[in-house]
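Residue numbers (the UniProt record's numbering), protein chains in the order written: chain A, 1 to 312; chain P, 1 to 428; chain Y, 1 to 197.
If you're looking for bench data, these hints aren't it; they were derived computationally from the structure. Each residue gets a CB set at the ideal place from its N, CA and C atoms; glycine is no exception.
Here are some of the chain P residues that sit facing chain A, going by a computed Cβ distance under 7 Å:
| # | residue |
| --- | --- |
| 1 | 191 |
| 2 | 199 |
| 3 | 200 |
Have a look at the derived ranges for each label pair, beta carbon to beta carbon:
| # | chain 1 | residue 1 | chain 2 | residue 2 | range |
| --- | --- | --- | --- | --- | --- |
| 4 | Y | 177 | A | 15 | 25 to 35 Å |
| 5 | A | 15 | Y | 18 | 35 to 45 Å |
| 6 | A | 41 | Y | 68 | 32 to 42 Å |
| 7 | A | 52 | Y | 98 | 39 to 49 Å |
| 8 | A | 36 | Y | 177 | 33 to 43 Å |
| 9 | A | 122 | Y | 177 | 43 to 53 Å |
| 10 | A | 32 | Y | 18 | 31 to 41 Å |
| 11 | P | 361 | A | 52 | 53 to 63 Å |
| 12 | A | 149 | Y | 18 | 40 to 50 Å |
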Amino acid sequence: MKRHLLSAADLSRDDAELVLSTAAELRSLADRPIKKLPALRGRTVVNLFFEDSTRTRISFEAAAKRLSADVINFSAKGSSLSKGESLKDTALTLEAMGADAVVVRHGASGAPHRLAHSGWVRSSVVNAGDGTHEHPTQALLDAFTMTRHLGSLDGRRVAIVGDVLHSRVARSNALLLATLGAEVTLVAPPTLLPVGVDSWPVETSYDLDAVIPKADVVMMLRVQRERMNGGFFPTPREYSRRYGLDGRRMATLQDHTIVMHPGPMVRGMEISADVADSDRSVIVEQVTNGVAVRMAVLYLLLGGAQPVGGDE
Amino acid sequence: MSTYLIRNASVLGGDPVDLLLRDGVVAEVGSGLDAEGAEVVDATGLVALPGLVDLHTHLREPGREDAETVESGTRAAAMGGFTAVHAMANTEPVADTAGVVEQVWRLGREAGFCDVYPVGAVTVGLQGERLAELGAMADSAARVRVFSDDGKCVSDAVLMRRALEYVKAFDGVVAQHAQEPRLTEGAQMNEGELSGKLGLTGWPAVAEEAVIARDCLLAEHVGSRLHVCHVSTAGSVQIVREAKARGVDVTAEACPHHLILTDELAATYDPIYKVNPPLRTRADVEALRAGLADGTIDIVATDHAPHPHEDKDCEWAAAAFGMLGLETALSIVQETMVDAGLLDWAGVAERMSYAPARIGRVADHGQPLEPGSPANVVLYDPSVRRPVDPAGSASLSRNTPYRGMELPGRVVATFLRGRPTVLDGALV
Amino acid sequence: MCAQPAPEATPGRVVLDARDIARALTRISHEILERNKGAGDLVLLGIPSRGVPLAERIAERITSVEGYDVPTGSLDVTMYRDDLRLKPARALLHTEIPESGIDGRTVVLVDDVLFSGRTIRAALDALNDIGRPRAVRLAVLVDRGHRELPIRADFVGKNLPTSLVERVRVTLAGVDEVDAVTIHGEGDTSEPTGEAS
Ligand SMILES: [Zn+2]
Numbered sequence: 001m002k003r004h005l006l007s008a009a010d011l012s013r014d015d016a017e018l019v020l021s022t023a024a025e026l027r028s029l030a031d032r033p034i035k036k037l038p039a040l041r042g043r044t045v046v047n048l049f050f051e052d053s054t055r056t057r058i059s060f061e062a063a064a065k066r067l068s069a070d071v072i073n074f075s076a077k078g079s080s081l082s083k084g085e086s087l088k089d090t091a092l093t094l095e096a097m098g099a100d101a102v103v104v105r106h107g108a109s110g111a112p113h114r115l116a117h118s119g120w121v122r123s124s125v126v127n128a129g130d131g132t133h134e135h136p137t138q139a140l141l142d143a144f145t146m147t148r149h150l151g152s153l154d155g156r157r158v159a160i161v162g163d164v165l166h167s168r169v170a171r172s173n174a175l176l177l178a179t180l181g182a183e184v185t186l187v188a189p190p191t192l193l194p195v196g197v198d199s200w201p202v203e204t205s206y207d208l209d210a211v212i213p214k215a216d217v218v219m220m221l222r223v224q225r226e227r228m229n230g231g232f233f234p235t236p237r238e239y240s241r242r243y244g245l246d247g248r249r250m251a252t253l254q255d256h257t258i259v260m261h262p263g264p265m266v267r268g269m270e271i272s273a274d275v276a277d278s279d280r281s282v283i284v285e286q287v288t289n290g291v292a293v294r295m296a297v298l299y300l301l302l303g304g305a306q307p308v309g310g311d312e
Numbered sequence: 001m002s003t004y005l006i007r008n009a010s011v012l013g014g015d016p017v018d019l020l021l022r023d024g025v026v027a028e029v030g031s032g033l034d035a036e037g038a039e040v041v042d043a044t045g046l047v048a049l050p051g052l053v054d055l056h057t058h059l060r061e062p063g064r065e066d067a068e069t070v071e072s073g074t075r076a077a078a079m080g081g082f083t084a085v086h087a088m089a090n091t092e093p094v095a096d097t098a099g100v101v102e103q104v105w106r107l108g109r110e111a112g113f114c115d116v117y118p119v120g121a122v123t124v125g126l127q128g129e130r131l132a133e134l135g136a137m138a139d140s141a142a143r144v145r146v147f148s149d150d151g152k153c154v155s156d157a158v159l160m161r162r163a164l165e166y167v168k169a170f171d172g173v174v175a176q177h178a179q180e181p182r183l184t185e186g187a188q189m190n191e192g193e194l195s196g197k198l199g200l201t202g203w204p205a206v207a208e209e210a211v212i213a214r215d216c217l218l219a220e221h222v223g224s225r226l227h228v229c230h231v232s233t234a235g236s237v238q239i240v241r242e243a244k245a246r247g248v249d250v251t252a253e254a255c256p257h258h259l260i261l262t263d264e265l266a267a268t269y270d271p272i273y274k275v276n277p278p279l280r281t282r283a284d285v286e287a288l289r290a291g292l293a294d295g296t297i298d299i300v301a302t303d304h305a306p307h308p309h310e311d312k313d314c315e316w317a318a319a320a321f322g323m324l325g326l327e328t329a330l331s332i333v334q335e336t337m338v339d340a341g342l343l344d345w346a347g348v349a350e351r352m353s354y355a356p357a358r359i360g361r362v363a364d365h366g367q368p369l370e371p372g373s374p375a376n377v378v379l380y381d382p383s384v385r386r387p388v389d390p391a392g393s394a395s396l397s398r399n400t401p402y403r404g405m406e407l408p409g410r411v412v413a414t415f416l417r418g419r420p421t422v423l424d425g426a427l428v
Numbered sequence: 001m002c003a004q005p006a007p008e009a010t011p012g013r014v015v016l017d018a019r020d021i022a023r024a025l026t027r028i029s030h031e032i033l034e035r036n037k038g039a040g041d042l043v044l045l046g047i048p049s050r051g052v053p054l055a056e057r058i059a060e061r062i063t064s065v066e067g068y069d070v071p072t073g074s075l076d077v078t079m080y081r082d083d084l085r086l087k088p089a090r091a092l093l094h095t096e097i098p099e100s101g102i103d104g105r106t107v108v109l110v111d112d113v114l115f116s117g118r119t120i121r122a123a124l125d126a127l128n129d130i131g132r133p134r135a136v137r138l139a140v141l142v143d144r145g146h147r148e149l150p151i152r153a154d155f156v157g158k159n160l161p162t163s164l165v166e167r168v169r170v171t172l173a174g175v176d177e178v179d180a181v182t183i184h185g186e187g188d189t190s191e192p193t194g195e196a197s
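Just need the whole structure built from these sequences, with the hints factored in.
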């Protein structure tokens, strides 16, 4: 593994499989009376969240604590400092606190990259979601959830449906799933696919009904409220009709196909309530798996000897 | 006023001759001139060019004196071989009245390192709503001839048409920052494969090309001259080329950074590479070089855009657009055009001195180094290579994208009306 | 503790062959039963990687004597090792605690080679986080000496005096090609596998 986890592209297939197998071992910890391991005793993990995301923060916090790390939560949202200054100034503060890892969520794409490579901090940096760029631990937990249901992802068909353009989850999943040998199809209206998507290691389609009967996994992406008025599609109703997963579409899935959603869901928009609550839905399990996967990432980044200097 | 005898200078890359600078003009050109009473500058091995003229400089004063002042900016200009710069209007307050342009003009005269020609804003406050008092600025002591809302595009078609028409009364020119605003809302970098991967909002080529195409048609329709700032895409080059072929009175500029750097640098997320218009692809770079070589692009202009450290030492989206350019422009042109065999030194003089002076209607600059011409001269050593050290910059800012790169050439001396502003590579 | 056997440059000196190993395991099985007065509350936990198949073999033998299954599992000690921070983060090995748990039972830890004792110390810490056994015993195929902690084995297949520069390698059919314990001397630069510290 590299010293930082900034992008799913930082993970080789061996790295990704190591994270997943480590997570599989760590997941059993949830069934034990003492849900704690000593691996990160004396290490300090800082959760640096410039955007609200209680779910992701709690997941990282639980992961770090189960590995016996000291956890500092630093919510910089609403800081009166200008956006740019606060990232650097906060970083310098964290450095002074002796953080071994900084888990950063930031609204600007590339902010974790800046943190890792600008010389502001010496700690490992874990990207917990940056702008419309990436969210690699979400992709890892999605892949982990898939492997628990499907085994190896080699040749498995994964449909990722919705606002790919603004989705860091889609970017990280496309990269990681391709690394793990899955065949990914991004399904979206043309306005919500990024320019240059043809160079990604994926297929694309505008037609949800044509894609999902062959899929082993259907991952629905959230449509954020601000996009609804952004002119990317005419109306929420038309979007829902063309790209929403409802009971009728669910009936066309194969028996083993699972439905995923990185959350939070907009029920009735991209996913209907009966689908979200159906047996196929592994949405709640995704949350559980998130802790194990984040434990694996923190253990593999911090559990061993810390590299002295150097970027990677 | 002292007299300087420049010995053995290779004027425009030609055979060595002597140049005698006296009373602010080139008094004599020839071999073995008499050094009597003159200070001798040995220019053996150096190329002599007419003083460079920049049509696109941000001097930041008034308003952002923490980034640059007229004094510091003109020092940097002199170090880069410039004897005249056009100071863009996007200051605080905006240079949209005779008062502000005269202030900038006066600061330039006091600094004395190069002549400063203020650019007037096209619209009040760069707001793109109503015309600024273009005539008053033209009639002021600053004698403004170039008008631009640079930093913003005059996107309203009617307003642009009126501006193009109106400045004809005093032989002015509108220099357009071509950027369709709706297509570039929140734009951070060139739109392409990489912007999608990096999750940075794209700045599509079409947002530049659509405005240039429209403006060429408008200029053709109303019979005005148009200048296009910082052309950055292959498509824009082609649009200008076709307009020129039709006889449209359009001129265009390319910036040094667009001649050498590409959008791949954005993958570092280091905002030192954030500029507007953004760095484009290798194919765009090649098209710009070809356009500059064949004259489709008339001039090189620096778009020198100083920013204080904190405006670049942050995440990409929060950072300011722009990069330094004055001190490295000639080196970049040597590297990308001269050494590449696309342009000779006469071509460099045309693109960086004669043509920008013509477009800006600057009479005292951009003249051939002949007896009687103003003694604006730059002596340049193309044989050396030097690493770019931001700390050594004469600018108040340090945001050069060439940090650590090794570039060819060095300005050894700059003369403004016969007086050295730079000698032995140092400010005088 | 390497999961992957590395190719051997030299074969080394065989100190236990397949029959020796079988005999040693049979003896250990009987000693466990004797000491424990039957298999009633026994749990065998192998320390990965080669402690696990050894535990399984011992369990088979006990089953054949006593006529019922002994709960057997594996206990990874990676995160409890005192040298965790001295090397890059290592892959975790499998931990599987039998469903019946370890509380109130007699846990026999099984490993291939007992050397410094540090692995066993880590295993005791790991056990502590899983439950409270009535007693913990230690069975090893080879005790090569050089203890660095006050730890000793209750059941030993073979005491094997070694010098510190020597390496002891245990291979087990199923994981490796054959059952064997070999000693690799000084000058053998290849890294033996299956060596406990
Ligand atoms: Zn501009």
